[in-house]
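Protein chains in written order, with the numbering used here: chain A, 1 to 388; chain W, 1 to 122; chain G, 1 to 244; chain S, 1 to 109.
Careful, some of the hints might be misleading.
When the alpha-carbon atoms are kept at most 30 Å apart in a straight line, the in silico DSS-like pairs for lysine-lysine are as follows [as the list claims (entries may be wrong)]:
(1) K112/A x K94/S
(2) K32/W x K63/A
(3) K35/S x K94/S
(4) K112/A x K184/A
(5) K77/A x K90/W
(6) K77/A x K63/A
(7) K178/A x K90/W
(8) K176/A x K112/A
(9) K77/A x K94/S
Sample of chain A residues with no beta-carbon within 12 Å of chain W, all distances over it, derived [to be verified]:
(10) C87
(11) I174
(12) L307
To give an idea of the chain A side of the interface with chain W (calculated C-beta under 7 Å), a few residues [claimed, not checked]:
(13) V13
(14) A16
(15) F19
(16) L89
(17) I160
(18) L175
(19) K178
(20) F256
(21) Y385
(22) N386
None of these hints come from the bench; they were simulated from the model.
Every residue, glycine too, gets a C-beta built ideally from N, C-alpha and C.
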Amino acid sequence: MGDGLLEFIVNTVKIALIFFAVVSTVPLLVWVERRGSAFMQNRLGPNRVGPLGLLQLAADAVKFIFKEPFVPEAADKALYFMAPALCLLPAMLTFAAIPLSTPFTVGGHTFKMQVTDINVGIVYIFAVASLGVYGILVAGWSSSNKYSLLGALRASSQMISYEVAMGLSIIGVILKYKTFDLTKMIGAQTGPFNFTWQGHNFEPLSWLPNWGIFFQPVAFILFFTAGFAETNRLPFDLPEGEAELVAGYHTEYGGFKFNMFFMGEYGHMMTSAALITILFFGGYALPWAGGGPVQVQEFWLSHSTWLSQTLSLSASEAASVLTMVTHLACFSAKMGFFLFVYIWVRWTLPRFRYDQLMDLGWKTMLPWSLANLGATTALMFFARYNPL
Amino acid sequence: MIQQLAPILVLIAVVVIFSVVAIFLTSLTGPKKNPTIAKQMPYECGVPGINVRTTKFPVKFYLTAILFILFDIEVIFLYPWALVFSDLLKKSPFVFIEMMIFMVILTFGLFYVWKGQALDWD
Amino acid sequence: MTVEDLLFHSFAVMAVLSALFVVFNRNPVYSALFLALCMSVLGAMFFTLNAYFVAVAQITVYAGAVMVLFVMVVMLFDLKREAEEILKFSPVTLAKVLAAALLCGFLVGTGWLGVTAVKGNLALHLAPSATAADLEKPIDGKIPRMEEKKETSPDEAREPLAKVSGNPDEDLTAAEEARLVENATVPESRVGGGLEEFGSTVTLSRVLFSKFVFAFEAVSALLLVAIVGAVALARSKGGTHHVS
Amino acid sequence: MSPELARVLHVSLNHYLALSAILFSVGVLGVLLRKNAIVILMSIELMLNAVNLDFVAFAKYNSNIDGQAMVFFVMTIAAAEAAVGLAIAVAVFKRFKEVNISYFEKLKG
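Make a model of the complete structure from these sequences and hints.
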């Protein structure tokens with residue numbers, strides 16, 4: 001029991017740490033977004049508070065905390081207070097299944113860099129992400145404001161429309177890796193590019209890493225596009241189209257409750273970027289490290305004496321810690337790149353019209369994802385049963 | 001099972017506690033509530049708001065949600081199929097044919113929806 | 001009480017409470033949201049039953065799709081609190097409640113006794129020490145065997161259960177009872193056959209696309225009919241309810 | 001905790017069946033008591049969910065995966081039912097501005 005209790009406490013602390021890490025990444029992303037947009041539009045952006053305007057984050061937080069706790073009179077009070085939490089919860093729960101790095105061992109205890117190692121990982125993420133609609137619908141309805149309701153309606157319609165295309169685009173990836181487990185998917189993407197057709201290996205391309213994008217390029221484009229729609233960001237941010245709907249479903253929210261919607265949105269964005277990294281870009285595995293995580297571990301085994309001496313750890317434990325840090329850095333770099341692309345696209349593309357948005361979802365992306373699925377299946381079928 | 005489920009439950013608890021504490025504490029730290037009639041009304045851009053919602057919503061929104069349910073079922077059946085496809089394919093091509101029949105029948109449905117202008121938004 | 005038991009009982013309480021809120025809340029929006037909660041809790045319960053993929057499918061389809069449609073429809077019709085009391089006192093209401101309570105009692109009773117009856121047999125079959133001779137032996141004649149139950153018509157099937165219903169454990173010796181309790185749940189190792197960990201999803205997929213292939217193809221026909229029906233009913237242009 | 005109580009609380013198939021029976025009966029109660037057609041549809045969904053719980057519990061305790069496969073078919077039926085049922089509800093609401101079940105009588109002819 002004592003050991004189980006210790007494990008429980010350690011894991012709870014780990015969960016809380018990951019949660020607060022995600023929550024505190026949000027202001028950083030907001031800063032990048034504001035400075036980045038200013039850079040792209042040839043402005044200065046927030047640069048007064050602290051070096052490079054970095055303390056603006058703290059100033060914003062203080063402002064959020066010291067706002068008047070405003071509740072509109074016509075609102076359905078219980079649901080009005082629940083909606084921000086309902087928005088935050090799915091975002092955090094999806095991120096829980098993301099493997100951030102390889103596990104490491106300290107003092108005989110192995111810790112996974114992941115809140116929960118769920119064996120149906122990818123389907124779980126889609127399941128929980130589909131619950132994100134509730135927060136938006138509840139916020140829009142409980143505010144008793146026509147702008148909120150219209151924004152919520154648009155947002156939920158858009159999210160469910162793109163969910164179909166997103167779900168279908170993933171099928172090709174599952175066909176390739178034959179697993180739902182995200183860690184196993186990363187494991188399948190290590191090593192050099194390995195494409196075998198009828199017993200012939202594609203040698204000339206073996207300098208490429210064995211990433212999913214080279215096997216499922218159409219799925220990547222579809223998934224990436226649907227990611228924008230799922231997170232309600234430009235060019236698909238019609239639910240918040242300020243020219244028409246004031247601020248969409250969170251029109252009536254202010255202070256910290258509004259901040260929680262923001263956290264939810266950026267949480268979804270982070271999960272989306274992390275999923276793109278894992279499914280199509282090798283996850284935390286270093287590219288061009290032929291043996292994958294095992295090779296990194298071997299490298300650190302012979303180069304970690306300085307750490308094992310300073311912290312009095314065994315050589316293998318020190319190596320596992322350094323491997324974890326390496327992979328975490330690699331994962332953060334890849335994920336950071338895609339987060340930047342999200343921000344970049346936001347300040348580059350104009351907004352869609354609503355009918356264009358729905359046409360894109362149902363009449364372009366759905367047929368394309370079906371075609372991608374059909375093509376992948378047919379290729380696999382003919383690789384096995386060659387009619388020639 | 002417990003190793004997978006317990007962290008999710010703990011995380012739910014963490015998020016709920018965080019939300020409750022944050023919303024409760026910020027309602028204490030903020031300035032006193034100062035409700036005025038204009039502030040209490042639903043937000044409107046500069047003109048007095050109307051408190052009733054009589055907006056009619058196009059039936060298109062429901063239709064989108066209904067179609068989503070039906071295609072979502074399709075996706076749910078495709079997930080396990082994709083998982084075992086290459087294994088079952090080694091035994092017989094039947095696994096390919098059965099899904100093709102399934103997909104063709106549902107593509108008829110998509111075709112009907114498309115031609116029936118249920119996907120048109122203008 | 002193990003952690004599993006604790007999880008079951010807390011999930012069960014949550015599921016029943018939210019189900020009651022669905023029925024007895026006068027605001028349909030709350031009803032829909034509580035039903036979504038109930039379905040998510042059941043999804044978590046499937047997870048504890050090692051049905052991982054079914055659990056996520058339950059959350060995706062029910063909580064993530066079906067209930068979203070319900071919530072959307074209820075919110076946009078703007079159905080406010082219902083004017084009528086749900087439980088207003090009248091003989092008809094009383095009869096309805098009594099009928100549901102009777103049904104509940106009947107279902108719980110049959111489920112509980114039926115399983116106890118069958119389990120006596122099953123427990124013996126699964127007992128680690130069971131030999132072939134043991135499996136041939138009927139258990140004490142008091143507990144109906146599965147084969148016997150199959151032969152009786154539905155009406156007669158209640159008879160042996162009614163006999164047992166006096167007190168199912170009455171004629172069992174303390175030792176036998178202890179053994180039944182011990183084997184009440186199938187030991188994890190004996191479950192095998194694909195129900196352990198991830199094997200379950202793969203086995204499930206194989207069964208779904210080989211044994212149930214006809215049902216699977218029928219599903220596509222059902223979905224096609226549902227698509228055509230829903231579009232014909234709900235679309236504004238050329239639908240059955242075109243308002244000019 | 002007394003051993004009797006511990007035995008009763010120790011989860012077995014019976015508990016799942018009992019829970020499922022309770023949920024099913026609550027669903028029946030909803031169908032009987034409510035006049036709102038949409039809430040009646042919800043109660044039917046609740047009943048289908050109770051049946052799903054039975055299937056999954058049987059799958060585990062009989063070590064037979066077929067029960068889990070059946071859940072998918074129940075789900076499909078539930079989704080199709082909700083889709084068509086709500087389409088009818090939308091049509092009725094557009095005509096009568098109500099979803100009271102008694103208005104459905106006027107659908108004939």
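Okay, the hints, checked on the actual structure:
| no. | hint | result |
| --- | --- | --- |
| 1 | K112/A x K94/S | 54 Å, violated |
| 2 | K32/W x K63/A | 15 Å, holds |
| 3 | K35/S x K94/S | 18 Å, holds |
| 4 | K112/A x K184/A | 14 Å, holds |
| 5 | K77/A x K90/W | 58 Å, violated |
| 6 | K77/A x K63/A | 23 Å, holds |
| 7 | K178/A x K90/W | 14 Å, holds |
| 8 | K176/A x K112/A | 26 Å, holds |
| 9 | K77/A x K94/S | 29 Å, holds |
| 10 | C87 | 10 Å, violated |
| 11 | I174 | 4 Å, violated |
| 12 | L307 | 28 Å, holds |
| 13 | V13 | 10 Å, violated |
| 14 | A16 | 6 Å, holds |
| 15 | F19 | 5 Å, holds |
| 16 | L89 | 5 Å, holds |
| 17 | I160 | 4 Å, holds |
| 18 | L175 | 5 Å, holds |
| 19 | K178 | 6 Å, holds |
| 20 | F256 | 4 Å, holds |
| 21 | Y385 | 6 Å, holds |
| 22 | N386 | 12 Å, violated |
Hints 1, 5, 10, 11, 13 and 22, counting from the list given before, are not met by this structure.
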